[in-house]
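For chain A, the structure is supplied; the task is to place chain B on it using the hints.
Residue numbers (this note's numbering), protein chains in the order written: chain A, 69 to 536; chain B, 69 to 536.
Hints are computed from structural coordinates only; laboratory data are not their basis.
This one's a predicted model, so the numbers in the text were calculated from it and none came from an experiment.
Keep in mind that the hints are not guaranteed to be accurate.
Same chains, same label: a pair holds when it works inside one copy or across any pair of copies.
[To be verified] Using 27 Å as the maximum straight-line C-alpha spacing, the simulated DSSO-like pairs for lysine-lysine come out as follows: (1) K278 - K255; (2) K255 - K388; (3) K418 - K388; (4) K418 - K255; (5) K278 - K211; (6) K388 - K211; (7) K418 - K211; (8) K211 - K421; (9) K278 - K388; (10) K418 - K278; (11) K421 - K278; (12) K421 - K388; (13) K421 - K255.
Protein chains: 2
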Amino acid sequence: MWGITLDYRSELGLSQQIYGSLKARILSGQMAQGEGLPSTRELAGALGVSRNTVSVAYDMLWTEGFIVRRQGAPSRVAEGLQIRQAQKSDESQKDERNKLEIIWDFGTGQPDLSAFPWMVWSEMLREAANSLPARQYAYSGPKGYEPLCAEIADWLFRARNMEVDPEDVFITSGSTQALYLLIDILKHDNRAFVLEDPCHPGIRTMIADKGLSLDWMPVDRQGAEIAALSGREIAAVYVTPSHQFPLGGILPASRRAAMLGLAAEEDFYIMEDDYDSEFRYTGMPVSPIYAMDSTRVIYIGTFSKTMFPALRIGFVVLPKALHRAWRHNRNYMDVQNPVLEQAALAMFLKTRKLDRHVRRMRRLYGEKRGALIGALQAAFGDTVIPWGDASGLHIALQFPGLTFGRPFIRSCEEEGIRISPVSRYCSLAQAHTDKLLIGYGHLNGEQIFGGIEALRRLILGMSRNAIR
Amino acid sequence: MWGITLDYRSELGLSQQIYGSLKARILSGQMAQGEGLPSTRELAGALGVSRNTVSVAYDMLWTEGFIVRRQGAPSRVAEGLQIRQAQKSDESQKDERNKLEIIWDFGTGQPDLSAFPWMVWSEMLREAANSLPARQYAYSGPKGYEPLCAEIADWLFRARNMEVDPEDVFITSGSTQALYLLIDILKHDNRAFVLEDPCHPGIRTMIADKGLSLDWMPVDRQGAEIAALSGREIAAVYVTPSHQFPLGGILPASRRAAMLGLAAEEDFYIMEDDYDSEFRYTGMPVSPIYAMDSTRVIYIGTFSKTMFPALRIGFVVLPKALHRAWRHNRNYMDVQNPVLEQAALAMFLKTRKLDRHVRRMRRLYGEKRGALIGALQAAFGDTVIPWGDASGLHIALQFPGLTFGRPFIRSCEEEGIRISPVSRYCSLAQAHTDKLLIGYGHLNGEQIFGGIEALRRLILGMSRNAIR
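Only chain A is shown next, with the shape it has when bound in the complex (with noise of 0.2 Å):
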């Protein structure tokens, strides 16, 4: 009858069922504008179902204005509804270029997910749901709770020497967050934002694709050459002077107050991204810059190695003359970052469970930094020169002599190893290319000697072909 055909085991009700099937019909032009509908009670006859089941989707249909209806007449199907169906743009533009299987997998930013104490986690998040009030459930803004501001103050004076007022804190969703909004607050004319070069490519793709300006400072083995800024006409800097990423110089002081100098003078801040800091082998972990000065210094921090990245969890330390830019901008992106999480980091910064894991990883990473290290000695000897701190979770080799372009990384890929050169990172291709970047803190000790083996083998072949 008229097409419609019940599914007495479907989700969907049976008012449901007749009004979508009515509904296609009139679409596709089955039926025509003006023509008449069944009356409810002979469809409901029809179908078997009552008459009250068919008014429902009738008044489903008229009032979304498919059908008009008027006293004493049957209900027509209404006019002015056929669509002019353009051509399916299918232009689904899936990038599966042949994904090969990778086996050692030296990529970096990844912290060790199998270490991490997710009873303990699962625990915090239990007890904050628990103790969560409802209204803490609804928009709370943008600032983030509370509760973890004021304990992630007390953790950077515990971890890392700051005095941080918790009215600073804001919360973000991880330090890429941070960055997105920092940008847009910090723009400036026709001002530059400078990057360190090398640097990671996520703010700089940020940052071209807001269609701002973009200038570099050279790195060398301590990290950004800050007399480069001299005489330029600058938004904001970005620096990550506790561990320069990617090549691991720790910026030295002089180099931070000249920097920090210049701020002053020609009005910039500086964004300072402390991204791995904590796990330092060799000492306390190097102090911020902003601990030095904070007036011109908007510091970044994120839980993503500490605890884990689908946390989404960071946080920037603010002056006051940006709050209220940062909590405009952040309103209408996003709002705020979700409260149970952070009501729960809360906990197990209070109860000093981060401190203990950061403890007990620094441990770790440090084994599993000995074992790349002692790797790459037997593999090549004093042929390679690592750059940078002992901290983190990457090291940057040098391969002195070596060239590592795009047929290398393809000839690691088919051998089933995931590996980045600096060059990457760099703001010309044919900046340090004879360096590699080894992220290893997700890896165990088989996987690391098991890789640069890998490597070894590689690398053996590239400096034989070059000898001849």
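Below, chain B without anything else, positioned relative to chain A:
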């Protein structure tokens, strides 16, 4: 000794305290460039600590470049460490306008959090935490947790008659982020984003902040006047067809068809924001434009009202041609949502707990709406005209002959009433000045009756003044 006082109860280690004190003295100029430091033996003796404790502190100062070392000579303060201090700019812009106590909050968009099944949700969270494999806690990409995308597609079929490919479902941090990302993806030279007038102020602010052009469609009792779109240069159209915000109309099928036709002809997308149509009190939920033709429609949904705002989960159903741009932009904005709530929500949907909750809340909100209509009848009789379809968590009220401007809203605040005039959501301040907006989802009967009574007293005063 050297101005160093050690605090043995501090959470800061002794080395950290020594390091911090010396650094502070160097930065303040109390220890000048080139000045020699005491030997580690000397300082250790003076402070009563081990020589190693002092060595660790000196190593840090050296690592960070505060001191220099030369073979056989005492360590000395490095050069170039003076910071030219800028005057501290404390523009702390606290907008602490005298906040009045709100007794009756008629703000919109607030679900009743007291009726949410918190125990069931806690159970889901625990199950999710226990069953998620560790790799899910790493970065898992910008699309969203796949099982949740699949459950949302199923839910849209059950609840909205939508046939959705889970491949097209992208998870967002609420619908705010969905709009933010869409504007970036859909912007197109100088073409305008066309909004309903009135509409929610969030999207308007986003477009203005991004410096993009903005245009308007007037809204009548049935929703947006689509005819106004003809002959314009359009980047995208934003509509709330199931329940126009704030006026409440349901966009008729003929206008929907006209808009779809225009979109195909003029090559623009329709952003369909379905923010609260689950809660319809007189029949089935209105079905979305997406169900008529999905090639040109981006469907935007949120769980802020059916679940709770601080969950921060919304989604879009995205045509395939936009997938690549979306992935790129989300990746460089904040990467992804946290995983835990996504997994718990997937279970909540799979076990049909959301269906049950929505059914229950529809009844409850329907009762609240009934109470509100009753209170309005009692207070204002026929002098108030409710606008829009009986659905959602708010209602627009017209008081013919009255004008609700800033002075009225201020009077309301002084009486403890939070309420919005519809004119706040209009492109021109002079439009819809005789209408108020009342959110009732979060209020109980007593609050509704008390608030309407308080409103009656104020409006009575206005009418008297108007008559004089």
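Evaluated hints:
no., hint, in the structure
1, K278 - K255, "both (10 Å within a copy, 13 Å between copies)"
2, K255 - K388, "within (17 Å within a copy, 33 Å between copies)"
3, K418 - K388, "within (25 Å within a copy, 46 Å between copies)"
4, K418 - K255, "neither (36 Å within a copy, 45 Å between copies)"
5, K278 - K211, "both (24 Å within a copy, 22 Å between copies)"
6, K388 - K211, "within (13 Å within a copy, 35 Å between copies)"
7, K418 - K211, "within (19 Å within a copy, 33 Å between copies)"
8, K211 - K421, "within (24 Å within a copy, 32 Å between copies)"
9, K278 - K388, "both (25 Å within a copy, 24 Å between copies)"
10, K418 - K278, "neither (39 Å within a copy, 40 Å between copies)"
11, K421 - K278, "neither (39 Å within a copy, 42 Å between copies)"
12, K421 - K388, "neither (30 Å within a copy, 44 Å between copies)"
13, K421 - K255, "neither (38 Å within a copy, 46 Å between copies)"
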